[in-house]
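Colleague: Chain by chain, the residues:
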Amino acid sequence: MKQQYTITVYAEDQIGLLARITIIFSRRKINIDSLNTSSSEIPGIHRFNIVIDETEEVVKKLCKQIEKQVEVLKAYYNLNDEIIWQELALYKVPTSQVTEKMVVERVLREYGARVVSINSDYTVFECTGHREETDRLVKLFEEYGLIEFVRGGRVAIIKSSEGFHKKIKEFEAREPGEEVVENEYLSEQDKVFSM
Amino acid sequence: METIRIKDKEQKNAAKEAEKTIQPGATITGSQAVMEALIAEGVATIFGYPGGAIMPIYDALYDYTNRLEHILVRHEQGGIHAAQGFARTSGEVGVAFATSGPGATNLVTGLADAQIDSTPLVCITGQVFAHLLGTDAFQETDVINVTMPVTKWNYQVTDASEIPNTLAKAFYIARSGRPGPVLVDITKNAQIQQFEYPGYQRCHHVRSYRPKPIIRKEYITEAAKLINEAQKPFVIFGQGVILGQAENEFKTFIEKGNLPAAWTIMGESALPSDHPLGVGMLGMHGNYGPNVLTNECDVLIAVGMRFDDRVTGRLDKYAKQAKVIHLDIDPAEVDKNVKTTVPVWGDCKETLPLLTALIEKKDRAAWLQVFAAYAAEEDKECIQPEMHPKGDVMSMAEVMAALNELTNGDAVIVTDVGQHQMVACRYAKFTKSRSNVTSGGLGTMGFGLPAAIGAKYGAPDRTVVAIIGDGGFQMTLQELGTIMQFGAAVKILILNNEFLGMVRQWQQLFHDKRYSFVNITSPDFVMLAKSYGIEGQSIDQRAALKAALKTMLDHDGAYLLEVKVGKENNVFPMVPQGSSVAEIRLK
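Which chain is which? The protein sequence lines are W and F, in order. Each residue of the first sequence is one higher than the one before, counting from 1 in this note's numbering. Each residue of the second sequence is one higher than the one before, counting from 1001 in this note's numbering.
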């Protein structure tokens, strides 16, 4: 059964690695629904979040192929209920419509939106949430002449994860290399992770 | 004509020691650093072709020719296939040089071939000046992105100071874990740039790279239990045994358990052909018993192989009755095609002895007899008619049989791709490992001749016979020029059936004999060879076969023998595409 999976990849920050990862998907004709790259809690280690609709079997194989890349440390895959995730969206709406027709207070309260910028021509709203939440606002703003819409890549935190620090220490214990920069919170893991 | 014989290795080592390596702290160019890296990695032979963007490296090479032997090929594809052949027979990393743009793109086929057949290579390409990157400069190609899917790792160097570490990493990645091709692209400015040489340190660790998975003892125990309980265990093995240098460990393993073992085309020669437990070759044109009995065994033990579709046939009908144990160094191979009951991750050099220790000695005479019965049937229905064809026209199989007799199975057999490849792999006898060099995964026509040149440099003391079809030979025949200039004593055996035989066979069997563009004409191969100063002859009579083969083998230096064989012979047995291995056809 195809389901929405979020793949979390920890990798060295290296030019070209994004291409090495994405061709694993395109080679198998799998569309990437959302992609985000960012730094992680460990300096020098990058974190990718990739969202796809696939069966678990396919996702598992994809993760193995990703992990096979020299600069990749680890790839995890999770269903939506195993992660905390957010997507950020921006909406540009004509200010005339906002002031004359829209019940702005309702939009802000019910949809959890924020106003980022207002000028005489247009107003930019921001909404952060799950896909259906950001989609709901698209529908609403369409009634008010939505000019532009953009949604960012999904960022996700794995509920059961204790961070990557422990994992990288395990790797290093087996084959010692450069020193890993310490993360002060992780020495107090029991206090931090109560889930 | 300049003929430089392959130098004696000892002589080379002595010359090496006579030279001093550059000391840390010296100011040198990036190109010199490349040479120092190659020497530090133990490289002695490079296959390459110069050009604009790699000229500084060739200029540095000029001062290193007593320590680094450079073979000037006639096309970069020939260079990389030669490096592959070298790696396959020597077990060392093959090295190829090419310039930017077309030079680099000509490497792509070889990279793809090496990637799928896990061949360790380091390719060094020149690149335009860093400030010209992305400007569509003369001979600029984005070689890093072009080669990304066909390399284990690649990297572009734009500053000379990166060279020592990058090359150390390149060699480490190419040869460790599951080996593969690595490409390092060096911009011309970095080649010219002077920098303070920090010395060369070999790489043994890359933080994010784990070449060998941790061995899980519990899986070894489980695997041993399955084998001990099995009534009809069957071992299938691939190149992993050769790459892991685990030939002895493997032999001990099957001998202790009395386990019948069949090889994939890439695993061939890891076990001597006459080993009593060796039951033959797997796959589309493999032997009868191993294919049929894959679907009858109760425990299938796969060692260092990747269940290619040419081995499994129809996957949903493959070994469904069996419990599957899969030993592999690459975790991505486990469960990729065939669902594994017990995965044994790790280097089989380490996992096989652990498994051997736990398996029981068993008499499996009855089960081995089943293989023998199938072998007898295949011999009667398939092999004998092939070996002794009616009429005057020779078959490829009888050429192979005559060759075996003369070489005693001691030769390195390099093949191209097609019918002759399948026949060679079916009939060739091997006594030593690393003796079968073929393009297994990619099926690259044109691989044979250049790979044989490299194979000879990788195993200078051995006889290297390149068995090539009339089609494949015409894809890379320019490498005769390399033989002419550098004298690799390669024995070229062209099996000429005047067709692109394998495609013709499929057109006959599956396309209603509509022979669409498979009829191929050839030049006079002997005259062609002679124009390159290579002796040769062509025969079409059975009576002349043995003497001709003997002349070829005894000749001092390279030799080309063309044998005209049956035009419309087919290779059988055959598992038709989309059929299960049990549906293998004997005719």
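Just so you know, the hints here were simulated from the structure itself, not pulled from any lab data. Just so it is clear, CB atoms sit at the ideal spot from N, CA and C, and this is done for glycine as well. Careful, some of the hints might be misleading.
To give an idea of the interface, some chain W residues facing chain F are shown, with a C-beta separation under 8 Å as derived from the structure [to be verified]:
#, residue
1, I23
2, R27
3, I30
4, N31
5, K61
6, K64
7, V70
8, E71
9, F171
Colleague: Against this structure, judge whether each hint is valid.
Modeller: Structure-based check of all given hints:
no.	hint	result
1	I23	holds, 5 Å
2	R27	holds, 7 Å
3	I30	violated, 15 Å
4	N31	violated, 18 Å
5	K61	holds, 6 Å
6	K64	holds, 4 Å
7	V70	holds, 5 Å
8	E71	holds, 5 Å
9	F171	holds, 7 Å
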